[in-house]
Each structure stands twice: as C-alpha cells, then as structure tokens.
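Throw the hints in and build the complete structure from the sequences for me.
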Amino acid sequence: MSFLNDLGLRRRTAYDRPAPLDYLFISPLVLTATLLYRLFLYLRGRPSLRPPSDQLPVRIVCISDTHDRTVQVPPGDVVVHAGDLTNNGAASDIQAQLDWLKTLPHRVKIVVAGNHDRFFDPEARIPDDVDSQASLDLDGLTYLQDDTSVQEIKGRRIVFFGSPHIPRRDSSCFAFQYPPSTPPWFSRVPPQTDVLVTHGPPKNHLDLGLGCPGLLREIWRIRPRLHVFGHIHSAYGTEPVYFDGLQATYERILSRPAGPLADLIPSRKWLDLIQLISQGVGGLACDWLKAGSGSNDQGGLLVNAAQAFETTNLVKSRAIVVDL
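In this note's numbering, the protein residues as written are 7 to 330.
Check each hint, because a few of them may be wrong.
[What the hints assert, rightly or not] Quick list of the computed label-pair ranges, beta carbon to beta carbon:
no.	residue 1	residue 2	range
1	V136	L37	44 to 50 Å
2	T38	W294	21 to 27 Å
3	P80	S155	20 to 26 Å
4	P80	W294	41 to 47 Å
Just so you know, these hints were derived from the structure itself, not from any lab. Just so we're clear, the structure is a prediction, and the values are computed from it rather than from any experiment. All C-beta atoms in this analysis are idealised placements derived from N, C-alpha and C, irrespective of residue type, glycine included.
What follows is the structure, given as structure tokens:
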C-alpha cells in the first residue's frame, strides 16, 4: 500500500484528497454520481445571494483553520473565522490569534472555536491554563458558542449562529467533540439564521465523507443562505446547495453501502443514479426555460474556508469572499 501511496495513486489518510485508485476502491458508482452532480451544479450556476436592488450587499470574508498563523484577509464588512485558530489551544496562543483578528478593519468579527482551540472547552483545557486561571480578552470580537448574534450592517439585519462541535473520530483530548451516534444539532439552530458558522462540515459536502449527518439534517431544516466551516483542510472550496430533489438523491447515493463489487449488483443505487440524471437534466431544462442558466436564487452557499493547506503545516492566504 505504501508503494501506491508513494506513487500518488492512493491517499495516505482519510484527511487527504482521494487519489485515482481511491475512487475505484470506494465506489465507481459514487464517483459517477459525484461527477454528474458537480456537472449539474456547474451548469445550473451559483445561486444569487445578493439582496434586492434597494439594499446594499454585505461583504463577508470567510477564513478558518489558521493554526497559529496570520493570513492576508481581503477587505469587507464582516470577517468570519470558523475555528482552529491554534494548534495546541493554549490561552496565550488563542489570544495571539484574537489580537491579530482585532487589527483587521472589518466592522464585525465573528469567531467560532475549533477542536484545536482547547481553552474554550473547560473539559479540554491544558493543565497550565487551569492552574494559572488564564482568561481571554474578546473585546471587539463576537465569539459564538451555540449562540446567535444579530448584526445591523448597512441598514440590514443579518442573523449569525455559531457552534464549534464536531464528531469524535478517536480518543484524542481535542475540544468540543461528540459521539457520532448522538449529534447535538437537532433543532439547535434558529430557523431565521442567515449565516451559519460551524467548525465542522455537513456530511457529503466539502467534507471528504467525514462530515456530520446530523448537521446535514439541520441545514436542510433551516436552509441558511451561507454556511461557513473548515476542519477538513483538503476539502477547501465552495459548493452551491438548492435543498431540492437532486441534492437529496445525491446524498442518498452517498449514504448507501458502497464498494466496487457491490456496485455490480443491481440495487437501489442504480435506480438512484438514474433518478439523479433525470432530476439534473429536468432541473436544467426548467431553469433555462424560465430565465436562463444561473438564474436560480433559491439556494445557498457552503464554504469550507480552511487556510491550512491539505494535511501539511503550510497555511495559505486563500480567504473566500461572499456578497450577501
């Protein structure tokens, strides 16, 4: 296996992007469905998130996973940091990152903790911080830990909700981890939320398959216009979501048992793939008949804003800017 890893044909860890052979071992059918789904999203176009013509857009700059580093942050009205400010989570390291965020010119600064930011979670704090009774200076920042913040920006009311929790994958002492069988998301996010900020991703979207199914169900319920997260560095990027039948079918395909041998046996996955193609083609035809490709404004945008590059220690300046 290490020989294939060295050739770049297999990925080394679950946190790396899948290599060519990984797709075959995971499921050729899933690969086909994923490529088709991405094609349909591309042809459909990114949903319009901009406000009506009588309102000014609010520019939101999204970053995450800076891991003790500073990055170049484009100008905007709001900067959102979706967690993992640090590597070790000591109060002094977190404070250094907070002080850097305070220097940014953005009027509103939203911060959510990540699993590495241990000081924010009393059960995961470093003993030295407990012994010294360390504290943080959050003045000028809006820190959200299962909280809502309503911000008045450019005459508009934008509702933010932030939460740091991620599914536990091992026995590590990281912060804000929950057993995958008991996700904490059920009806947790207020339905009026415009911008959802979590450290971890929802299942099957910008997550390398490591996201939370409970969080996915929650965003289906509230359908935020913008969902910002990080945690899975190698899944950096953006993805439109429309919360429609096409998306539901795609997610159902990815949730079924997969494997190259299982794909050869006629099953519901085959029917799901046919349905995916039918819904994708039908949806595009409806969009084009209505107003042309890219006209749909009834969707939202998922943003994995990890600044850390894949599974290396390298941090890049690659903030994602969204006009809402």
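These are the hints, each one checked on the structure:
About 48 Å separates the C-beta atoms of V136 and L37, a value consistent with the hinted range of 44 to 50 Å. Evaluation of the 21 to 27 Å hint for T38 and W294 yields a pass: the beta carbon distance comes to about 24 Å. At roughly 22 Å, the beta-carbon separation of P80 and S155 lies within the given 20 to 26 Å, and the hint holds. Under the hint 41 to 47 Å, the C-beta atoms of P80 and W294, about 33 Å apart, miss the expected range.
Taken one by one, the earlier hints fail for this structure only at number 4.
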